[in-house]
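Novice: Using the sequences and the accompanying hints, generate a full structural model.
Chains as they are written, first to last, in our numbering: chain A, 2 to 80; chain B, 2 to 80; chain C, 1371 to 1506; chain D, 1371 to 1506.
Honestly, the hints are just simulated from the structure, not real lab data.
These figures come from a predicted structure and were not determined experimentally.
Computed footprint of chain A on chain D, listed as stretches where at least three residues anywhere in the stretch have a Cβ under 8 Å from a Cβ of chain A:
hint, segment
1, 1421-1427
2, 1494-1503
Lysine-lysine pairs mimicking DSS-like chemistry, simulated, CA-CA at most 25 Å apart:
hint, chain 1, residue 1, chain 2, residue 2
3, A, Lys35, D, Lys1486
4, C, Lys1486, B, Lys7
5, D, Lys1484, D, Lys1408
6, A, Lys19, D, Lys1377
7, D, Lys1470, C, Lys1470
8, C, Lys1377, D, Lys1383
9, D, Lys1373, A, Lys7
10, A, Lys35, A, Lys5
11, D, Lys1410, D, Lys1492
12, D, Lys1454, C, Lys1470
13, D, Lys1430, C, Lys1470
14, C, Lys1486, B, Lys5
15, A, Lys19, D, Lys1373
16, C, Lys1484, C, Lys1470
17, D, Lys1470, C, Lys1410
18, D, Lys1492, D, Lys1373
19, C, Lys1484, B, Lys7
20, C, Lys1454, D, Lys1383
21, B, Lys19, B, Lys35
22, D, Lys1377, C, Lys1383
23, C, Lys1373, C, Lys1492
24, A, Lys19, A, Lys66
25, C, Lys1383, D, Lys1373
Just so it is clear, CB atoms sit at the ideal spot from N, CA and C, and this is done for glycine as well.
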Amino acid sequence: MKYKIKTFGIARDILGAKEVNLEVKGNQVADLRKHLSTHYPALNDLNSLLIAVNLSYAGDDIELKESDEIVLIPPVSGG
Amino acid sequence: MKYKIKTFGIARDILGAKEVNLEVKGNQVADLRKHLSTHYPALNDLNSLLIAVNLSYAGDDIELKESDEIVLIPPVSGG
Amino acid sequence: MIKITEKPIDVQKVIEVASALGAGGLNVFIGTVRNTTKNKSVRWLEYECYEGMAVVEIKKIVDEASDRWNLLGHAISHRVGTLKPGEIAVVVAVSTPHRKESFEACQFIVDELKAKAPIWKKEVFEDGEQWVSAHP
Amino acid sequence: MIKITEKPIDVQKVIEVASALGAGGLNVFIGTVRNTTKNKSVRWLEYECYEGMAVVEIKKIVDEASDRWNLLGHAISHRVGTLKPGEIAVVVAVSTPHRKESFEACQFIVDELKAKAPIWKKEVFEDGEQWVSAHP
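Specialist: Rendered as structure tokens:
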């Protein structure tokens, strides 16, 4: 499946762009995680990495559609 | 001893003036308290009555001079 | 800054005075006159203060807060006179390096001020008036 | 009001929006950029935000606070972009009938906002930069 991934903060630095198109085997959040972990190993060093799908944090078993708004959420530090 | 007593809040209402001159038997805070309690019994109904002498709260055994600034402090309610 | 005033309190000014460059957190409490008390409608409040001693007592409270938290700045302003519902009676602002202590120190000062500072308020209702907290 | 803005935050405005006539207490937290972190001098900070979701997440936090305390009014403003030391990054204001709950509710919202809202800051030093909290 082809997904358009938005990035913020250190995740943008690691992926190298604000938006990245990825070709992922499988259609679950867990599959996307596996892809990211393999192709961008620096993500594995972060304190946490959440994935937001259509404005909500998504668990590993959530199914992704190619039209979804998918965003990488590295450790937040607002305030 | 003759003391000039300043009053605030409900103590002013009970004593009837912002400043009252009292002739008290004895020269300790306890003597003043006894005088007040007898002559202004409505003071006995208050939640508390502190006596400040020269800008500090004074215990019953403090000795009073006629030149002291003596102030009745009924229950406070600032804020 | 510790101030007793008959004029409306300028909140922005209090905040500015309490600010400090090394601070990460500034907490402000603004106490306003409520429009009801025990379901009775409040027309206005009369505040009065034993001014010389109030400033001394509030200074002691700030000193105690400084012993317990790292206060980088503080400002306290209390109004006296006639106040209508919605008007500001007291503003307490403190700044500290981190946010948690700003909440704790500000709340401590407000609680202590209300318990100890020689300031009194009388509530005036349609059908009477009473000195707050005077009687059991 | 929940607002993400690139412009300097108007604290007085945030306070006004959070005010409510039945309130006796209004608590405000102002978070400012510190001039040092771990003894290193901070030149500036870069804040960024996933705006659509940040507003949704902060709204959830306010709803949770409303379940726990009697919030009569609230206003939250978070700045993004380049901020220098001393500048205001976030202002949270809540008003409640009594003072204790104003402190509790405001602190809850600030704590949760910092833990959950998708907002990030990068500290820029003389000799480098780092995304705050990114690494262990």
